[in-house]
Amino acid sequence: PFQVSKFTIIMSIQDNYKHAKSFCSSLLENLMDLKSESGTLVTLTYAQSLDGKISGNNGQQLILSCEESMIMTHRLRALHDGILVGIGTLLNDDPRLTGPDEPESTIQQPQPIILDSTLRFPLSAKVLLQSKKSPWIFTRHDHDPKKRELLEKTGAKIISIDSDQNGQLSINHLLSTLYSPPFSINCLMVEGGARIINSFLKSGKVDLLIVTISPVFVGENGVSAIISNKNNSTEIESNNLPKLTNVIYEKFGRDIVLAANIVGI
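Counting from 3, one number per residue, gives the positions in the sequence shown under the numbering used here.
It is possible that part of the hints are untrue.
As the list claims (entries may be wrong) - Pairs of lysine-lysine residues, derived as DSS-like cross-links and limited to a Cα-Cα distance of at most 30 Å, are as follows: (1) Lys128 x Lys148; (2) Lys128 x Lys20; (3) Lys134 x Lys159; (4) Lys134 x Lys149; (5) Lys135 x Lys23; (6) Lys155 x Lys134; (7) Lys20 x Lys135; (8) Lys135 x Lys155; (9) Lys159 x Lys149; (10) Lys159 x Lys148.
What the hints assert, rightly or not - Restraint-style ranges between C-beta atoms, simulated for each label pair: (11) Pro217 x Asn174: 32 to 42 Å; (12) Arg98 x Gly54: 22 to 32 Å; (13) Gly206 x Arg122: 19 to 29 Å; (14) Asp53 x Pro184: 38 to 48 Å; (15) Pro184 x Asp144: 22 to 32 Å; (16) Asp17 x Asp164: 41 to 51 Å; (17) Gln16 x Arg122: 20 to 30 Å; (18) Ile161 x Leu131: 14 to 24 Å; (19) Ile15 x Asn188: 27 to 37 Å; (20) Arg256 x Ser28: 20 to 30 Å; (21) Gly206 x Lys20: 14 to 24 Å.
Since the hints were derived computationally from the structure, they do not count as laboratory data. Even for Gly, the Cβ is constructed at its ideal location relative to N, Cα and C.
Using the sequences and the accompanying hints, generate a full structural model.
Spelled out as C-alpha coordinates, the structure:
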(Lines of atoms letter the chains of each structure in order from A and count residues from 1; the text may use other names and numbers.)
(Lines give C-alpha, C1' and ligand atoms only; values in the text may rest on other atoms or scores of the structure.)
Protein backbone atom coordinates (compact mmCIF):
# COMPACT_ATOMS: atom_id res chain seq x y z
CA PRO A 1 0.00 0.00 0.00
CA PHE A 2 1.03 3.61 -0.64
CA GLN A 3 2.69 5.25 2.37
CA VAL A 4 3.40 8.93 2.99
CA SER A 5 6.95 9.51 4.18
CA LYS A 6 7.76 11.51 7.28
CA PHE A 7 9.68 13.97 5.08
CA THR A 8 6.57 14.56 2.94
CA ILE A 9 4.48 15.22 6.05
CA ILE A 10 7.04 17.71 7.39
CA MET A 11 7.16 19.54 4.05
CA SER A 12 3.35 19.69 3.96
CA ILE A 13 3.22 21.23 7.43
CA GLN A 14 5.88 23.77 6.48
CA ASP A 15 3.93 24.67 3.35
CA ASN A 16 0.84 25.24 5.51
CA TYR A 17 2.81 27.58 7.79
CA LYS A 18 4.14 29.54 4.79
CA HIS A 19 0.68 29.81 3.24
CA ALA A 20 -0.83 31.07 6.50
CA LYS A 21 2.01 33.54 7.10
CA SER A 22 1.76 35.02 3.61
CA PHE A 23 -2.04 35.31 3.71
CA CYS A 24 -2.26 36.91 7.17
CA SER A 25 0.64 39.31 6.66
CA SER A 26 -0.78 40.63 3.39
CA LEU A 27 -4.14 41.38 5.03
CA LEU A 28 -2.70 43.42 7.86
CA GLU A 29 0.13 45.37 6.22
CA ASN A 30 -1.96 48.10 4.60
CA LEU A 31 -4.39 48.39 7.50
CA MET A 32 -1.62 48.90 10.04
CA ASP A 33 -0.33 51.90 8.11
CA LEU A 34 -3.80 53.44 8.05
CA LYS A 35 -4.54 52.86 11.74
CA SER A 36 -1.15 53.57 13.29
CA GLU A 37 -2.13 57.10 14.37
CA SER A 38 -5.89 56.76 14.78
CA GLY A 39 -6.45 54.02 17.34
CA THR A 40 -6.42 50.29 17.80
CA LEU A 41 -6.82 48.16 14.68
CA VAL A 42 -9.62 45.63 15.29
CA THR A 43 -9.74 42.27 13.51
CA LEU A 44 -12.91 40.25 14.14
CA THR A 45 -12.54 36.57 13.33
CA TYR A 46 -14.53 33.40 13.92
CA ALA A 47 -15.29 30.02 12.37
CA GLN A 48 -18.80 29.04 11.33
CA SER A 49 -20.65 26.17 9.72
CA LEU A 50 -22.42 26.36 6.35
CA ASP A 51 -25.63 27.20 8.23
CA GLY A 52 -23.97 30.08 10.11
CA LYS A 53 -23.44 28.40 13.49
CA ILE A 54 -20.38 29.09 15.63
CA SER A 55 -21.15 26.71 18.50
CA GLY A 56 -23.52 23.95 19.49
CA ASN A 57 -26.56 23.90 21.75
CA ASN A 58 -26.21 26.35 24.66
CA GLY A 59 -22.80 27.42 23.44
CA GLN A 60 -21.25 23.94 23.43
CA GLN A 61 -17.80 24.00 21.85
CA LEU A 62 -17.54 22.80 18.25
CA ILE A 63 -14.29 22.09 16.43
CA LEU A 64 -15.16 23.61 13.06
CA SER A 65 -11.79 24.61 11.62
CA CYS A 66 -9.61 22.06 9.89
CA GLU A 67 -5.89 21.81 10.65
CA GLU A 68 -4.88 24.15 7.81
CA SER A 69 -7.30 26.94 8.72
CA MET A 70 -6.43 26.54 12.41
CA ILE A 71 -2.77 27.17 11.51
CA MET A 72 -3.95 30.34 9.78
CA THR A 73 -5.87 31.46 12.87
CA HIS A 74 -2.87 30.89 15.14
CA ARG A 75 -0.61 32.78 12.73
CA LEU A 76 -3.13 35.64 12.76
CA ARG A 77 -2.94 35.72 16.54
CA ALA A 78 0.83 36.18 16.38
CA LEU A 79 0.37 39.32 14.27
CA HIS A 80 -1.79 41.00 16.92
CA ASP A 81 -0.84 42.55 20.25
CA GLY A 82 -3.90 41.17 22.02
CA ILE A 83 -6.59 38.54 21.59
CA LEU A 84 -10.04 39.08 23.11
CA VAL A 85 -12.93 36.77 23.98
CA GLY A 86 -15.99 37.09 26.17
CA ILE A 87 -16.50 35.26 29.43
CA GLY A 88 -19.04 32.92 27.78
CA THR A 89 -16.39 31.59 25.40
CA LEU A 90 -13.94 31.23 28.26
CA LEU A 91 -16.41 29.23 30.35
CA ASN A 92 -17.50 26.99 27.46
CA ASP A 93 -14.19 26.41 25.67
CA ASP A 94 -11.52 27.13 28.32
CA PRO A 95 -9.02 28.36 25.69
CA ARG A 96 -5.38 29.21 26.40
CA LEU A 97 -5.49 32.10 23.88
CA THR A 98 -1.94 31.55 22.67
CA GLY A 99 -0.24 32.14 19.34
CA PRO A 100 1.14 29.52 16.97
CA ASP A 101 3.23 26.55 17.99
CA GLU A 102 5.67 26.98 15.15
CA PRO A 103 9.41 26.39 14.81
CA GLU A 104 10.19 30.11 14.98
CA SER A 105 11.63 31.54 18.17
CA THR A 106 10.72 35.13 17.22
CA ILE A 107 6.94 34.61 17.22
CA GLN A 108 5.28 36.80 19.83
CA GLN A 109 2.48 35.64 22.07
CA PRO A 110 -0.58 37.93 22.14
CA GLN A 111 -1.93 39.41 25.36
CA PRO A 112 -5.06 37.46 26.50
CA ILE A 113 -7.97 39.84 27.13
CA ILE A 114 -11.34 38.82 28.61
CA LEU A 115 -14.59 40.79 28.79
CA ASP A 116 -16.32 39.73 32.01
CA SER A 117 -18.83 42.24 33.38
CA THR A 118 -19.55 40.31 36.61
CA LEU A 119 -16.18 38.57 37.21
CA ARG A 120 -17.36 35.01 36.59
CA PHE A 121 -13.80 34.17 35.55
CA PRO A 122 -12.86 30.75 37.07
CA LEU A 123 -9.62 30.38 39.01
CA SER A 124 -9.02 27.09 37.17
CA ALA A 125 -9.00 28.67 33.67
CA LYS A 126 -6.20 27.51 31.35
CA VAL A 127 -5.51 31.09 30.28
CA LEU A 128 -4.69 31.83 33.92
CA LEU A 129 -2.63 28.72 34.65
CA GLN A 130 -1.08 27.68 31.32
CA SER A 131 -0.63 30.79 29.17
CA LYS A 132 2.69 32.63 28.97
CA LYS A 133 1.00 35.95 29.72
CA SER A 134 -1.42 36.58 32.57
CA PRO A 135 -4.87 37.72 31.34
CA TRP A 136 -6.29 41.20 31.47
CA ILE A 137 -9.92 41.05 32.60
CA PHE A 138 -12.18 44.00 31.80
CA THR A 139 -15.22 44.36 34.03
CA ARG A 140 -17.80 46.84 35.33
CA HIS A 141 -17.01 49.42 37.97
CA ASP A 142 -19.39 47.75 40.44
CA HIS A 143 -17.65 44.35 40.40
CA ASP A 144 -17.13 42.02 43.37
CA PRO A 145 -13.99 43.26 45.23
CA LYS A 146 -13.41 39.85 46.87
CA LYS A 147 -13.38 38.05 43.51
CA ARG A 148 -11.07 40.74 42.16
CA GLU A 149 -8.64 40.15 45.01
CA LEU A 150 -8.63 36.38 44.38
CA LEU A 151 -7.96 36.85 40.67
CA GLU A 152 -5.22 39.40 41.24
CA LYS A 153 -3.45 37.03 43.61
CA THR A 154 -3.15 34.54 40.75
CA GLY A 155 -1.60 37.19 38.49
CA ALA A 156 -4.61 38.43 36.52
CA LYS A 157 -4.98 42.17 35.93
CA ILE A 158 -8.48 43.57 36.54
CA ILE A 159 -9.50 46.76 34.72
CA SER A 160 -12.88 48.40 35.27
CA ILE A 161 -14.49 50.33 32.41
CA ASP A 162 -17.77 52.09 31.69
CA SER A 163 -20.97 50.39 30.57
CA ASP A 164 -23.06 51.53 27.62
CA GLN A 165 -26.74 52.52 27.66
CA ASN A 166 -27.73 48.84 27.47
CA GLY A 167 -25.67 47.82 30.48
CA GLN A 168 -23.01 46.09 28.35
CA LEU A 169 -19.33 46.89 28.71
CA SER A 170 -18.59 49.89 26.49
CA ILE A 171 -16.63 48.90 23.38
CA ASN A 172 -15.59 52.53 22.85
CA HIS A 173 -14.19 52.84 26.37
CA LEU A 174 -12.53 49.42 26.07
CA LEU A 175 -10.71 50.36 22.86
CA SER A 176 -9.63 53.79 24.08
CA THR A 177 -8.26 52.18 27.26
CA LEU A 178 -6.41 49.47 25.33
CA TYR A 179 -4.85 52.00 22.96
CA SER A 180 -3.52 54.18 25.78
CA PRO A 181 -0.45 53.50 27.97
CA PRO A 182 0.33 51.36 29.85
CA PHE A 183 -1.67 48.88 27.71
CA SER A 184 -0.66 50.19 24.26
CA ILE A 185 -2.55 47.60 22.20
CA ASN A 186 -2.23 48.77 18.60
CA CYS A 187 -3.70 45.66 16.98
CA LEU A 188 -6.50 43.63 18.59
CA MET A 189 -7.94 40.28 17.47
CA VAL A 190 -11.51 39.57 18.62
CA GLU A 191 -12.67 35.93 18.50
CA GLY A 192 -16.11 35.75 20.12
CA GLY A 193 -18.52 34.39 21.21
CA ALA A 194 -21.78 35.53 19.69
CA ARG A 195 -22.44 38.45 22.06
CA ILE A 196 -18.94 39.79 21.55
CA ILE A 197 -19.16 39.38 17.76
CA ASN A 198 -22.43 41.31 17.69
CA SER A 199 -21.26 44.00 20.12
CA PHE A 200 -18.19 44.75 18.01
CA LEU A 201 -20.08 44.72 14.72
CA LYS A 202 -22.71 47.01 16.22
CA SER A 203 -20.02 49.39 17.51
CA GLY A 204 -18.70 50.10 14.02
CA LYS A 205 -15.13 49.64 15.29
CA VAL A 206 -14.19 46.54 13.29
CA ASP A 207 -11.60 47.17 10.55
CA LEU A 208 -11.02 43.65 9.26
CA LEU A 209 -13.41 40.68 9.24
CA ILE A 210 -12.08 37.14 8.76
CA VAL A 211 -14.58 34.27 8.73
CA THR A 212 -13.57 30.63 8.35
CA ILE A 213 -16.39 28.67 6.71
CA SER A 214 -16.37 24.95 7.43
CA PRO A 215 -18.25 22.55 5.08
CA VAL A 216 -20.51 21.11 7.79
CA PHE A 217 -24.05 21.69 9.03
CA VAL A 218 -24.79 22.10 12.74
CA GLY A 219 -28.57 22.44 12.80
CA GLU A 220 -31.16 24.74 14.33
CA ASN A 221 -30.03 24.18 17.92
CA GLY A 222 -26.61 25.69 17.26
CA VAL A 223 -25.67 29.25 18.19
CA SER A 224 -25.59 31.69 15.26
CA ALA A 225 -22.87 34.27 14.79
CA ILE A 226 -25.46 37.01 14.30
CA ILE A 227 -27.97 37.28 17.16
CA SER A 228 -31.62 37.53 16.05
CA ASN A 229 -33.29 37.67 19.47
CA LYS A 230 -35.34 40.87 19.49
CA ASN A 231 -34.92 41.18 23.26
CA ASN A 232 -31.14 41.06 23.10
CA SER A 233 -29.40 44.43 23.41
CA THR A 234 -26.45 43.31 21.29
CA GLU A 235 -28.62 42.39 18.29
CA ILE A 236 -27.80 44.29 15.10
CA GLU A 237 -30.88 45.71 13.42
CA SER A 238 -31.44 44.33 9.90
CA ASN A 239 -31.29 47.82 8.35
CA ASN A 240 -28.02 48.55 10.16
CA LEU A 241 -25.94 45.52 9.19
CA PRO A 242 -22.29 46.20 8.30
CA LYS A 243 -21.31 46.30 4.64
CA LEU A 244 -18.19 44.57 3.31
CA THR A 245 -15.62 45.79 0.83
CA ASN A 246 -12.36 44.40 -0.59
CA VAL A 247 -13.73 40.87 -0.16
CA ILE A 248 -11.34 38.00 -0.89
CA TYR A 249 -11.58 34.24 -0.45
CA GLU A 250 -8.77 31.80 0.30
CA LYS A 251 -8.87 28.02 0.59
CA PHE A 252 -7.20 26.38 3.59
CA GLY A 253 -7.58 22.61 3.51
CA ARG A 254 -11.30 21.85 3.32
CA ASP A 255 -12.28 25.31 4.62
CA ILE A 256 -12.89 28.61 2.83
CA VAL A 257 -11.69 31.78 4.56
CA LEU A 258 -13.43 35.06 3.77
CA ALA A 259 -11.55 38.27 4.50
CA ALA A 260 -13.01 41.76 4.04
CA ASN A 261 -12.86 45.30 5.29
CA ILE A 262 -15.98 46.68 6.94
CA VAL A 263 -17.64 49.90 5.82
CA GLY A 264 -18.84 52.04 8.72
CA ILE A 265 -22.29 51.18 10.05
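State, for the Cβ atoms of aspartate 17 and aspartate 164, whether the hinted interval 41 to 51 Å holds or is violated. 47 Å, holds
Do isoleucine 15 and asparagine 188 keep their Cβ atoms within the hinted range of 27 to 37 Å? Given about 30 Å between the Cβ atoms, the range holds.
Holds or violated: lysine 128 with lysine 20, Cα cutoff 30 Å? Holds. Lysine 128 to lysine 20 sits at ~29 Å (cutoff 30 Å).
Could you see if the CB distance from arginine 256 to serine 28 stays within 20 to 30 Å? 22 Å, holds
Looking only at beta-carbon atoms, does the pair aspartate 53, proline 184 fall within the given range of 38 to 48 Å? This hint holds: roughly 43 Å between Cβ atoms.
For lysine 159 and lysine 149, compute the direct alpha-carbon distance and say whether it is at most 30 Å. 12 Å, holds
For lysine 135 and lysine 155, compute the direct alpha-carbon distance and say whether it is at most 30 Å. Given that 30 Å is the threshold and the Cα spacing comes to 15 Å, the pair holds.
Range first: 20 to 30 Å. Now tell me if the beta carbons of glutamine 16 and arginine 122 are that far apart. 41 Å, violated
Determine whether the Cβ-Cβ distance between isoleucine 161 and leucine 131 falls within the hinted range of 14 to 24 Å. Holds, since isoleucine 161 and leucine 131 (Cβ atoms, about 20 Å apart) stay within the stated range.
If I claimed the Cβ atoms of proline 184 and aspartate 144 lie 22 to 32 Å apart, would that claim hold in this structure? Once the Cβ atoms are compared, 24 Å apart, the range 22 to 32 Å for aspartate 144 and proline 184 holds.
Against the 30 Å threshold, does the CA-CA distance of lysine 134 and lysine 159 hold or violate the hint? Measuring from Cα to Cα gives roughly 14 Å; hence the hint holds.
Would you mind confirming whether the straight-line C-alpha gap from lysine 128 to lysine 148 stays at or under 30 Å? Cα-Cα ~21 Å, so holds.
When the structure is compared with the earlier hints, violations turn up for hints 17 and 21 and for no others.
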